[in-house]
Amino acid sequence: MDKLEIKIIGFTALVLSAFLISLMIAMGKKNMDVPACIPYNTAFSKPHLKQIDSTTYEAFMVAKMWSFEPSEMYIPVGSDVDFYLTSNDVVHGFHINSKALNMMAVPGAINKQTVHFDKPGVYKIVCHEYCGTGHQNMQAEIIVNYKTKPKN
Amino acid sequence: MQISKSLKNILLVELLLPTFLLLIGIYHGLMQVIYRAGLIHSQKEFHLDYYQGLTLHGVINAVVLTTFFAVAFGHACMAFFLKKEPNKNAAKLSMWLMIIGTVMAAWAMLSGKASVLYTFYPPLKAHPFFYLGAALLVVGSWVAFFDWIFVYKSWRKENPEAQIPLAILGTLVNFSVWFVCTLAVAYEILVLLLPWSMGLKATINVPLSRMLFWFFGHALVYFWLLPSYVMFYTMLPKLAGGKLYSENAGRLAFFLFLILSIPVGVHHQFSEPAFSPSTKLFQSILTFGVALPSFITAFTIAASLEYGAWQNGARGWFQWMFKLPYFDKENGLFGYLICGMILFIFGGITGIVNSSYALNAMVHNTAWMPGHFHMTVAGPVFLAIIGMSLYIVANITGKEIKFKNFYTMTPYLWTIGICTFSFGLMWGGLMGEPRRTDLGMTYLNPASKLFRPDWVPTTQLALFGGIIMTVAFVLYFISIVATLMSKKVKEVVIEFPVAEPLHEEKPIALLQSFKPWLVVMAIVIVLAYVPALMDVFKYTGKGAMPYTPDNPVPVSISK
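Residue numbers (the numbering used here), protein chains in the order written: chain A, 43 to 194; chain B, 1299 to 1857.
It is possible that some hints are incorrect.
Claimed, not checked - Which stretches of chain B does chain A cover? Using the computed rule of at least three CB atoms under 8 angstroms from a CB of chain A, they are:
| no. | stretch |
| --- | --- |
| 1 | 1501-1507 |
| 2 | 1559-1573 |
| 3 | 1645-1655 |
| 4 | 1736-1748 |
Derived by calculation from the structure, the hints in this document are not laboratory data.
Bear in mind that the values here come from a model prediction, so they are computed numbers and not experimental data.
C-beta atoms are modelled at their ideal positions from N, C-alpha and C, and glycine is treated no differently.
Isolated chain A (complex conformation) (with noise of 0.2 angstroms):
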């Protein structure tokens, strides 16, 4: 084979695996991961959010057609949140906007990720998967605010 061609494998070859290694040192330092699995139970299929302790929540997320539950989380300043996901009925998506949170809601199994919240506002969930016909309608709130709410 040509001369340069084989120098151009070999130098893509290296520029792979440049990007492959930036990625696991940025995942490293921002403590990223893909979604955990969780072996399924029925116990998931309970919508609530649970606090752990002053900074620490766990929140059972559970997609239907075309709503999330909760739909309405009011979380502390910098608190991380467990979100443990499944679908009750067809496979719906899970995003928190601005925020690398980023899952699939499968009926049958259940997913999990963890989010930091270090910053006050209010995170949208959106679906963004199509799941029937109200699909643009599925979105739900997680409102992150100081712990003790300045009074009017």
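For chain A, the structure is supplied; the task is to place chain B on it using the hints.
Relative to the frame of chain A, chain B by itself:
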């Protein structure tokens, strides 16, 4: 060279049927950008709703058009490069199976009984004809492939010493990948979906069905792409007035696609439960591997183009880029292929972002995704398909292409449209704008509580790009219809521009035989997919009942 009447008719049907269906497919593409930009705040305008239109858009443009073209182009390559026509009856059977399948699926979609999108994710349920139609389309393409194997074998007997022509290698690699990957989706359709959609089975294993779909789903994109690669290697250098820089590089690239196209499907499922992180990481790394043949292609074809431009007097490092026959009306096909290649640079790079494991969380299922894949499937794939379709049609009907200005301008206008459209979608995607969503009803409706003003500029850009793309297609369509209606002016032939290799290369033994590569293909698939399959069974609980898209109560109960 001459072709038989029966092959000519088959090619005409297989190239023109999807071209006319594109009228529906592209109309719905335009309607989507209109809905999404919030120009229409309703679910249903002109009798077809958003998700029904989205299903038609995906199935027609990405499945029907691409499959018909791959088969027709394969027939043409066999006839031209091996000087052997495919078997008449096999080609006819293949064509009729594909047509019947398309008609069945089209009926289901147009009557609103299959608004489940082209991924047909259960437990959303479509009419059984939708699944059956898809299966027949696939089986029809298999029939053509099985026949080509015989054609190739008989050619091999007559030419035991000759190297297999690169175009034939590419076509056979493509359909080998296609056959293996469609086995999974055939199983999904025939064993899981059909009995369940007909009410014979109560529930379905959703994670399993999704795994099977994506076993097929990513190889599918290479099935779309490889006919374009065949054109890039064997024709584009000639169109540019040059020669192919290295034929062995092309052979290596095709064989790498053979081993790596399938075992990467889980990279569409990084955000899903039921796959362990190690399964996802392994397939992420393999996806980086499948980028390698595309990098090789980019280098080899760029070198070939540079050589071509030198023949036309270009000097120095950069001048060659400006000395190519971009707007040559007698060489319109060049524009389709070069624009496709340029778009694929961006399509490929964004693809690497998507397949980057945890980084995928930033973009998964957001508008970024259609932004990415329109620069691949609506870039090199679509442009090569329509450019080559008219080229072949004109040749085999003995006609001159009419409205050559339109034919020549289309790819450039299309490229401007796609860039605008994809930029809008990708920008919106990074701000969380979801794909596959009738945004005009809520998120882009100022009267709705869910209104998102930050998505206004991005959806407007996509709208603008979509309009330009539609205009480009209309120009193309005028050209093809006018060509068909014009008088026959030359002999009926099948002819391709053939690029010679730049220098004689010693044949490499490993690149002469399919067998070692097929073995490696099987091993890599087993390594990648056995853990995935084990994960699915380990982490999945109960099955799911069928739902129609308009009802939150499962079908069996709501009846």
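Hints, one by one, checked against the model:
Coverage of the stretch 1501-1507 of chain B by chain A holds. Counting CB-CB distances below 8 angstroms, 3 residues qualify, and the rule asks for three or more. Counting residues of the stretch 1559-1573 of chain B whose CB lies closer than 8 angstroms to any CB of chain A gives 7, which reaches the minimum of 3, so the coverage claim holds. Given a C-beta distance limit of less than 8 angstroms, the hint that chain A covers the stretch 1645-1655 of chain B holds, as 3 residues qualify and 3 suffice. Figure legend: the stretch 1736-1748 of chain B, annotated as covered by chain A; annotation consistent (6 residues with Cβ-Cβ distances under 8 angstroms, at least 3 required).
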